[in-house]
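Undergrad: Sequence:
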Amino acid sequence: MKINKITIQHVKGIEQIEILQPLVANRPNILVAPNGFGKSSIATAFSSLKPNKLELAPDDCYNQDQRLPSSVSILLDDNQTLTANSTSNTIKNVFAVHVVNCQLKPKAFAQNRGKFHVAKASLDISDTIIYKSIPQKIKISYSFRNFKNIYRGVLGKIITNVEDMFSQYDLLCKIDKKIQFHKFELKQYQKAFDVWKTKILTFNQKTVIELKRAILNSNCELEHDEFKKLAVLLKDELQYEDLIDAQCAAVQYIDTRLNCGQAIYSKVITYLKYIKQRKQIDDTLSEINPVKERFSVRAKEKKGQLVIEWPKANMISSGQRDILVFIAKLMECEFHEHKNCILVIDEFFDYLDDANIVAFQYYISNLIDSYKRDKRVIFPILLTHLDPNYLKHFCFNDKRMNVCYLKSSNAKCSLMLMKFVKERETESIKDYLDTFYFHYNNETNVADFTDEFKKVGLNEDWVNPTAFRKKVERECRKYLLEPDKVYDPLAICFAVRIKIEENVFQMLAEEYQQEFLATHGTKEKLNYAQSKGASFPETYYLLGIIYNHPLHTAGVDDLAKPLSLKLDNGIIKNMIMQIFWKQ
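Converting from the sequence shown to my numbering requires adding 330 to each position, the first position being numbered 1.
Since the hints were made in silico from the structure, they are not lab data. Keep in mind that the hints are not guaranteed to be accurate.
Straight line, CA to CA, 27 Å or less: simulated DSSO-like cross-link-like pairs of lysine-lysine [stated by the list, open to error]:
1) LYS737 / LYS760
2) LYS597 / LYS632
3) LYS507 / LYS517
4) LYS478 / LYS565
5) LYS565 / LYS507
6) LYS565 / LYS513
7) LYS862 / LYS815
8) LYS603 / LYS507
9) LYS800 / LYS853
Restraint ranges, calculated between C-beta atoms of paired labels, are given here [what the hints assert, rightly or not]:
10) ASP764 / GLY863: 25 to 35 Å
11) GLN844 / PHE866: 12 to 22 Å
12) LYS462 / PHE910: 52 to 62 Å
Since the structure is predicted, the reported quantities are computational estimates derived from the model, not experimental observations. Beta carbons: idealized from backbone N, C-alpha and C, even for Gly.
Could you put together the complete structure from these sequences and hints?
TA: In structure tokens:
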């Protein structure tokens, strides 16, 4: 399943936006856009979805104008369109929607100081609601004594107490999955049970051990295929030594379940699932709680809901708070019964430390795997201004990650410059390209590499490095002075790097210039120049974000979007302008 388009209208800072990049199910979809683009407005649109409509707070209406029609629309890859507006919501028919964003809420209160009141304010962390309605507590009515009385005789003597079996959620689910229980409601099973019980009653050994051994040796079995499957399953799961113990457990399970009825049994399963998930929540929170020596963070029942109450916001750091709340929200998402899910995470990991960024990815990956195991679909949508391709500790598998750049741009990489980057490691031209194209060099009398350029398919017009440099500098002037025109971001990278190195080269005494040219790497060249007395703006280092990464990214098909994210920033553009005209 794919989401081919998302359209949002009149929400917070968004007048109308269309996200046209396809989002892929069961993969991290990372939506990258600069600050001020409207990422939080996208999250607000999804968090404002109610069961029957899109309901915006007054402050979340576009320009705070409540008269404007607001909507969220999703186009799936089967051409089905889901829409939510002020009167309806069809998105809920296909997806449950969860949003992870800032959970801080201001709280104001007044203190009575006799003749006057003092107003105070604090920041609290909103409770995380895992269960909006706690299921009814129901236990299966099982009585070992009653079964001994009902079965009587030998069967009543050899059965064991299996009450604990009815509190094992995983076991009961496995039985439901592998055993066709409805077959035990038919007369065929009752007849087989009566025959088996009659045979059991013929044994007259004195002790339970002797009775079981005699029954096993006689191959006395209940002749019913589904019963045999159930007995084998219970023998394996409950680790019975003898099959007769598993058979006795099976008949008690069948009779107990038939007596309680399917409606009650389903409620029991629902409550057991709740108990298991609550324990899982507490275990996970205990495991990840970075302040466990100060605060115990656990799920608790409150007004019919299962919630997690958090410490005061000022009692823990922002990073500690966010990783705890984030994982709690993921568990809320995982435990939701809906088949399909959209999970929107609003700029969550942008300021986490390295270890917590890895933890963030670990829990997202586990959530995706959980959905896949259950044959469910989830769209994790991560909104961020950070480009994951350049984050050292962003470790998602590249083939699994779907990165979408939201902001449109005039940037377009030329195929010939892309070819230059890709052919950089070709042995026959590697040194030549590195010396005269990827870095500055003052030598004009160069060898003729026309044949080598032809052989690997490079633009022959650029065999002379001077022609190549004129090309990239023309593109750079267009980028700086003609903002409405399409520009080649790769050309900007080349031009910036070469110009910075030229500027620094000219600052050096002649005796140091050749060593500067021979030094590998722009940063290393700058370090060398500083050590020899050159003084230049810090901008030359800072622009490494432009000239360094992309030119070392071989095999990337489209660098335009991640590069334009940086190049379209006004401050970056001004920094580049200074290296050309303010030396």
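Undergrad: Among all the numbered hints in the text so far, which are the ones the structure does not match?
TA: The structure breaks hints 1 and 7; every other hint is satisfied.
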